[in-house]
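**Q** Listed here are the chains, written in short residue letters.
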Amino acid sequence: MATESIKYLTPETETKLKSKAFPRPHQNTSGIVNWLTTIDHKKIGVMYGLAALFFLILGGVEALLIRSQLWNHNMEVLSNREYNQMFTMHGTTMVFLVIMPLSAAFFNFIMPLQIGARDVAFPRMNTLSLWCFIAGGITLNLSWFFTGGSPAIGWFGYAPLTDTRFAEVIGDMGPDFWIFSLQILGLASLLASFNFITTIINMRAPGMTMMRLPVFTWMTLIVSFLIILAFPAITIALVELMFDRTYGTNFYDFLEGGKPHLWQHLFWIFGHPEVYILILPAMGIVSEIIPVFSRKPLFGYGLIVFSGAIIGFMGFAVWSHHMFTTGMGIVATSAFSILTMLIAIPTGIKIFNWIGTMWGGRIRFETPMLFALGFITMFMVGGFTGIMHSSVPIDAQHQDSYFVVAHFHYVLIGGALFGLFAGFYFWLPKLTGKMLNEKLGKFVFTLMFIGFNVTFFPMHYLGMIGQPRRTHSYNEGHGFETWNQIATIGAFILGVGILIGVYQFVTAFFNKKLKDAGKNPWDARTLEWTLSSPVKEYNFARTPIIKSRDQAWENNYGPKENHSDKVPLDDHGVHMPDRSWYPLVSGLGFLGLVLGLLFHQSVDANTGEILRDYTYAIAGGSIAIFGIIMWSLEGPAGYHLFPKETEE
Amino acid sequence: MKTLLNKIQTLSYIILPAFFSFIGGCSRIDHKQSALDPKGLVSQNQYDIFMLSVWITIFLFCAVGGCLMYVLWKYRAKTPEEAMEVPPQSHGNSKVEISLIIASTLILIILAVPTLQGVVLMNRVPDPNDSETLEKLGLDRSAIDDAITVNVTGKRFFWIFEYPQFGIVTSNELVFPASKAVRINLRTEDVIHSFWLPKLAGKMDLMPGQENFLWFIANEEKIRTRKDSDGNMTLVSTEIAMPSVFNGKMRERIFAKQKFTDEFEAVGGLFYGQCAEYCGNSHAYMSFRALAQTDDDFDSWVKRFQNSQNPNLQPGTYNPEEEYQKDSIVQFADPALGDSGTREFRAVQAIAKGQAPNLDKKVWKKAHSDDYEMGKKLFSSLQCVQCHAINRTGLGSKGPNLTLFGIRTSLAAGWMRNDEENLSKWLRNSNEVKFGNLMWNGEGVDDDHPLRNLENDDEKVNQLVTYLLGLK
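Taken in sequence, the protein lines are chains A and B.
Under this note's numbering, read the first sequence as residues 1 to 648, first letter to last.
Under this note's numbering, read the second sequence as residues 1001 to 1472, first letter to last.
Hints were generated in silico from the structure; no laboratory data involved.
These numbers were taken from a predicted model, which means no experiment stands behind them.
Every clue listed holds true.
As a list, the in silico DSS-like pairs of lysine-lysine whose alpha-carbon atoms are at most 30 Å apart:
| id | chain 1 | residue 1 | chain 2 | residue 2 |
| --- | --- | --- | --- | --- |
| 1 | A | Lys566 | A | Lys536 |
| 2 | A | Lys513 | B | Lys1078 |
| 3 | B | Lys1366 | B | Lys1249 |
| 4 | B | Lys1460 | B | Lys1365 |
| 5 | A | Lys442 | B | Lys1078 |
| 6 | B | Lys1249 | B | Lys1472 |
| 7 | B | Lys1136 | B | Lys1227 |
| 8 | A | Lys43 | A | Lys644 |
| 9 | B | Lys1257 | B | Lys1472 |
| 10 | A | Lys439 | B | Lys1078 |
| 11 | A | Lys43 | A | Lys442 |
| 12 | B | Lys1074 | A | Lys439 |
| 13 | A | Lys259 | B | Lys1398 |
| 14 | B | Lys1222 | B | Lys1257 |
| 15 | B | Lys1074 | A | Lys442 |
| 16 | B | Lys1078 | A | Lys515 |
| 17 | A | Lys519 | A | Lys536 |
| 18 | B | Lys1326 | B | Lys1472 |
| 19 | B | Lys1078 | A | Lys519 |
| 20 | B | Lys1095 | A | Lys547 |
Take the sequences, apply the hints, and build the full model.
**A** Okay, here's the thing in structure tokens:
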């Protein structure tokens, strides 16, 4: 990072509190300490991405085990409990440990660059949210090694199956691990969301008005609001469930007057916005890519942004369409049915506008564009089956059948994952400074596109001829075999495609053979493409003054008055905050708190009484609070850089 | 480019016919549990709305997808130079956008109207006094007036069917009259289940602490319709489409006509159902059957069940002070069956007072084989009776009611065909067939339980099988 032209001054910062235990690493720190203590949004983004890709492989292996079990009738690859654990872990992993953190990776890396900021508003909180995410991933997967193994309750954890009364293994701890990992993952998401909202509202470069924000940043903002509004519902639901399981309260225990319906409402009032939390970032990415590869601005920018907001808003008004078959009565089902149909309109608008963007353009079919086009077509299929499910009588047949499995995989793989892969192919040159291998990229796309459709299209048919979801086995004589075998073959093709893709992304950081990317390899349009690749640690040598929406494009092709200016560098230079150990300490503290709560119960061998020991939980919680207090006191500290204007 | 197109063309000559013949081979969609083969009013309505949505979405997919393909083809950059051109930078067109919004709203209305009508139909049995609606639906008033009610209780992992109008209880096989509406009240005693009967009714969850409702009425004509080998539709007689259950004809006919593994059901009146909400380890195994009957056959079935489950009609101990009519059945000690063994005897003719059952005199006959009687004894001594009710309603019992088990077509909540071989497999080690089932894993069942020690006891298993399948 340090080049000769950068003049370092002695840091003129006063650290309010110097701790000997966790001294702040020096500005030139490298190696593992650099990564563990970093507060740079770009490094955090990379770590989010790598961890999520790891979990993608893990969740993918679980998926392939599921598909192997369904290869034929009465297979015994997995026992029924193992199978149930697999689909629970697959769902939870893919939602909370893959798609959400992959989106967070892009939010972290790209969003500050798009608004002309040097970092997010709260860099250390950002780091803490990364460590909380890692802690959540660890907690969830630790469940494999304790009583009962992983949870076998489905990613939706419907009460009263989660009640200890109905546990199928005595002292089953799986649901407890599930509860606590979701809680800590929720903490990670909330921290990140408050951070992003503050950043986008407050830290835009001069001239970057809200209606000049790139669509991806808009989607970051909307998703962050969705997270802070949706996660409290699941947090409360999980706390109540934890109380039911640990202290014998009766929120969901119907035998004591509790209400299983309550869980479903709380879960889906989180769970449906969650669907949009998963898909809107991908829509944002696609809205960035299509204009670039069509060489035209986004068609109906305002309408796309507005539709995103409407989708997010209405996402809170349709949750009960997951519960059409739970006996809510005519009025409620009708109302939710109509509302769900309405949400198709803003979604359709986005698709119309993407096509409108390409209309009259000069379309190039490079890998990011292929993935974006894959997104549009696959998401369209998923959206159409979604419209079918909005109709209650249709849903009465489709609910909990393989038709639904097909539907949401079209949305979440064909939609979200394809969008995120498009993002990888699009922005990795900005991260690494190297172009990815185009041929390999197209090969990955072909494998994934074919594999995906071969896996999931037959599932529509399987659902219609009566295969129910979440069944570890099916009987002979239902005609399920052929299409399940086709689906399993497709799943392995898809798996190979994803694996090669992940390999390509990870090796992009080391592969010396790749061509240099330069500042703007795609001739792209938004602000991040005015920066060098890889981006310098300070992002912008001078804060840009924004004059138009597609600033990078306008700088190249627009009239003079649309070119961006730069705020002159003052004597102060670029202030870079110091690295800190405290986010990691707090993260470990939260992990300790969660594990302490998980293992606080023991049974007295003599009397059979339940003993509760909160020492470890309290210790973990204290460490977490200690870390937060210490980072509040240690101040920003840091150092100043004086880069030349050209060095950005 | 040319060669590539040629290649695609030649490829398509090979692939497309292969593809269509493959699809053709799978063109039958009336699988046992298929929602694409509705046989009742409610499911037909669900199917019609589904097909409407399919056509709407196919239209939309072609329109939007076609538009997309056109744009991709028309505006593709053909040369690297063209790829660097700067096209006009247009930002949008509000007229186009507004008209697209209006168009999509209109399309949704096309789907919304039948949806709302369908919601009402699913949730409410039509009012028998509303002749207009009945006519529109093509229903007779009597179909609603004489509707039967079934209280369904879901348990991990089987179903209890109680007929409150008739005071009878059965399990896993729902027998119903084809011409009458069937009201289903859904309850559960443990976790959430879902009652899914694709060909008749769609599904509804069984929520703990709440009673849910669903109804269906079968369409006799559709049950009787069958495609012959030339693809023509023919109506078969009711005896063939809906063999009677009460005298075991249904079971015989199914067993004779087809293998359990056949993909398509040859008997029109037999329907397959499944629990559709994840309910634990063996959720996959929680299926059931529904059997349509003519009114007369249904009445006979009800009568048989009522007689079997009526405590006053159970064979009593022989009373020397009583005269017995022909075919009366009494219980009387039989030392051949062990110390306290009793056996059922049937009167061959009218019998005067004081003629104790004695086989020598030929007026009494053994009602059942020795194996049956031994099996019956084992059913008590092996503690089966603690969970299973036979010849009584036994509503509180933990396991499925096994009254008239011998006329049932399936075993283990629809997972296997109910024949000797499967029943003995099930009795020997049910956990191997259906891992996690309550019979093997329920409260109070451990390795010392006699049930868990039947594996190699051929004699006992045979006796139990004879007894259970003899219940008809």
